[in-house]
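Between the sequences and the hints, there should be enough to build the whole structure, so can you do that?
Here are the chains, one letter per residue:
Protein chains: 2
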Amino acid sequence: MKTTAVIMAGGKGERFWPRSRSSYPKQFLSLTSDGETMIQKTINRLLPLVDMEDIFIVTNESYVQLINEQLPDIPAENILAEPVARNTAPCIALAAAVISKKYDDAVMMVLPSDHLIKYEELYRDTMRHAIKVASQGENLVTVGITPTYPETGYGYINFCSSGDEEMAGVYKVEKFVEKPCLEVAKEYLNSGRYLWNSGMFVWKVSSIMNNFERFLPDMYQGFLKMKEAAFTDNFTATLAECFDSFESQSIDFGIMEKADDIYTLSGSFGWDDVGSWLALEKINKTDECGNYVSGDVISIDTSRSIICGNKKLIATLGLEDIIIVDTDDAMLICSKDHTQQVKKVIETLKTCNRRDLI
Amino acid sequence: MKTTAVIMAGGKGERFWPRSRSSYPKQFLSLTSDGETMIQKTINRLLPLVDMEDIFIVTNESYVQLINEQLPDIPAENILAEPVARNTAPCIALAAAVISKKYDDAVMMVLPSDHLIKYEELYRDTMRHAIKVASQGENLVTVGITPTYPETGYGYINFCSSGDEEMAGVYKVEKFVEKPCLEVAKEYLNSGRYLWNSGMFVWKVSSIMNNFERFLPDMYQGFLKMKEAAFTDNFTATLAECFDSFESQSIDFGIMEKADDIYTLSGSFGWDDVGSWLALEKINKTDECGNYVSGDVISIDTSRSIICGNKKLIATLGLEDIIIVDTDDAMLICSKDHTQQVKKVIETLKTCNRRDLI
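Protein sequences appear in the order of chains A and B.
Here my numbering is used: the first residue of the first sequence is 16, the next is one more, and so on.
Here my numbering is used: the first residue of the second sequence is 16, the next is one more, and so on.
You may find that some hints are simply not true.
No distinction is drawn between identical chains; accordingly, a pair holds when it is met within one copy or between any pair of copies.
30 Å max Cα-Cα, derived DSBU-like pairs, lysine-lysine [said to hold, decoys possible]:
#: 1; residue 1: K273; residue 2: K117
#: 2; residue 1: K327; residue 2: K351
#: 3; residue 1: K327; residue 2: K359
#: 4; residue 1: K365; residue 2: K300
#: 5; residue 1: K359; residue 2: K326
#: 6; residue 1: K17; residue 2: K351
#: 7; residue 1: K240; residue 2: K365
#: 8; residue 1: K190; residue 2: K351
#: 9; residue 1: K365; residue 2: K327
#: 10; residue 1: K300; residue 2: K358
#: 11; residue 1: K326; residue 2: K365
#: 12; residue 1: K297; residue 2: K327
#: 13; residue 1: K273; residue 2: K194
#: 14; residue 1: K358; residue 2: K326
#: 15; residue 1: K358; residue 2: K194
#: 16; residue 1: K351; residue 2: K240
#: 17; residue 1: K133; residue 2: K187
#: 18; residue 1: K358; residue 2: K327
#: 19; residue 1: K300; residue 2: K187
#: 20; residue 1: K190; residue 2: K116
#: 21; residue 1: K117; residue 2: K147
If you're looking for bench data, these hints aren't it; they were derived computationally from the structure.
Here's what the structure looks like:
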């Protein structure tokens, strides 16, 4: 059975303002020193697993041009532009429609476009295992991450033994839980029964669509229409019609939390969701004072800071735990404990009607 | 007797980097919201006291063009370009030479070009008083400032009563003292016998030159030569010759600390030497969080900070006691307790041979 990959690349990534903008979100940024953008890294780490022609990118109409520029080898018909963003369930139904029209049935890896993975070979081993589990029967597989500290910013997966000797290393999902408080996160970590929810899924098209039919029947009807129209002149019009009727729904709430036969694997491959500017010091090298510095920077008596220069010299004196990000038209200077509030700046810009900076 | 003013405008002002540069020092910057530069303010506040044609500006050759641009009404022959900087004593000898050639004798106010005065009418009243005292006899008058807090960054003037009923409000200088530690500064403040040394002087040309003859005889010979050459074709060559021979000497060490008949008046006119970026929050209005902000700035959860924008938006989040100064080619981000170390940045730039940014 064919293995395909569906990359979800419609996110807006407001937390990386001012580098990310509504017209240029995080997945199209390079946040590492190698110059590769997040989505380029996502594709490149998959190529040993799946052919380029079997990688499908679901995105917003306004990002198609960026994808063409950054990923010129992805076939044009594999770039699936949603007429309007309706969260992950419609996005997956759309990709499933195109893939099942092309291959009838196939294994689908569903992957975010803007996460980072340090140990790519370990990642691919985990994905190969997930593909194997998904291709056997009706299993829905969600890739969990072995937690290394009590993170309060992630959802968690509570698992139990599958009880099946043939499924060694694969666990039955007991339930998905929301972002916990620190106390609860510590309990999760100590229990050994929780994984971080990475938002990476593997299943056969037929498996997931059976669950759409059961739990999201209206969306399943849309899937059938989109499959019918795929690779025909009606496709764009059908998409518009279907997405107009779809409710906004995440795959987690819509299916994963309700379906049977959900399995998880515990991945340990240096995963980071790169959720805020703070990630830069985790995913890049820091200097002897704990600073992550890029661009033209003179830092004096400065420690544990993140300084991203642009075209001009940035000189820092006596700073601690400060994030500085320069761009051509806007600059952010933020204490580390305020990184989650970058969206307040965007809200202020909206209030001031300064959409050119958003 | 004529009253003249000598403005010392040769300073380099490294503490206002990156706005000030060696080619554009502090006296030519506007640091207040009215848009006037420091030297323009210095001249404008004097005009009720002295005619434009009696204002002399001593500066470096490289700043003559800037002075012409910022002060187009100052007569060209009143701009005295030192061939090389030799501190304040030679600067004053040069101005004295030109003034005494023009007027034989006259009262000279000697004034920095880069200080700020809030209450200009009170300032002029004090200066009028100083002019009166200076024009009587051989008195050298230094204008003191009534201290309002135990500043450790200024020199102090220790005074005693003049004992002369005709000299009410004028005090005999006991001694000049260097920048004190905080403990000593507090003692000075409590004693009621100390003023801040503002570096503003008033005397007759004949009074100060008698003291040059006594304490700096070589420089006095230079004064005679420069006076002889003033307003002739030989002036530039004579200046070059004299300044080449002058030792670097401040008027404070060279004369004021040695001479008799030094008097001081206590001024209370909102004086500030604008010695670092910290001055901006003293001399300008701050917002309800204690921030001084200029330019295009969004400040969220930010307090007691100084933010000087340039062309692009600066968004701050969660900052306290931080100074941000943006310019076209360089940016400073500095904690308030490091303002005296801005020169470290300049030293680093020198080491890296990046003279374009100094």
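Outcome of the hint check:
1. K273 to K117: Only inside one copy: K273 and K117 sit 29 Å apart there, 98 Å across copies, limit 30 Å.
2. K327 to K351: both (23 Å within a copy, 22 Å between copies)
3. K327 to K359: Close inside one copy (26 Å) and across copies (18 Å); limit 30 Å.
4. K365 to K300: Close across copies (27 Å), not inside one copy (35 Å); limit 30 Å.
5. K359 to K326: Both ways: K359 and K326 sit 26 Å apart in one copy and 22 Å across, limit 30 Å.
6. K17 to K351: neither (45 Å within a copy, 62 Å between copies)
7. K240 to K365: Answer is neither: 38 Å inside a copy and 69 Å across each miss the 30 Å cutoff.
8. K190 to K351: neither (33 Å within a copy, 50 Å between copies)
9. K365 to K327: both (27 Å within a copy, 17 Å between copies)
10. K300 to K358: both (27 Å within a copy, 29 Å between copies)
11. K326 to K365: Answer is both: 26 Å inside a copy and 20 Å across each meet the 30 Å cutoff.
12. K297 to K327: Classified as both: same-chain Cα gap 25 Å, cross-chain 29 Å, threshold 30 Å.
13. K273 to K194: Within one copy only: 19 Å inside, 75 Å across.
14. K358 to K326: Close inside one copy (25 Å) and across copies (22 Å); limit 30 Å.
15. K358 to K194: Classified as within; 19 Å inside a copy, 47 Å across copies.
16. K351 to K240: neither (48 Å within a copy, 64 Å between copies)
17. K133 to K187: Classified as within: same-chain Cα gap 26 Å, cross-chain 75 Å, threshold 30 Å.
18. K358 to K327: Both: 25 Å inside a chain and 19 Å across chains, each within 30 Å.
19. K300 to K187: neither (37 Å within a copy, 63 Å between copies)
20. K190 to K116: neither (33 Å within a copy, 96 Å between copies)
21. K117 to K147: Result: close within a single copy only, 21 Å intra versus 100 Å inter.
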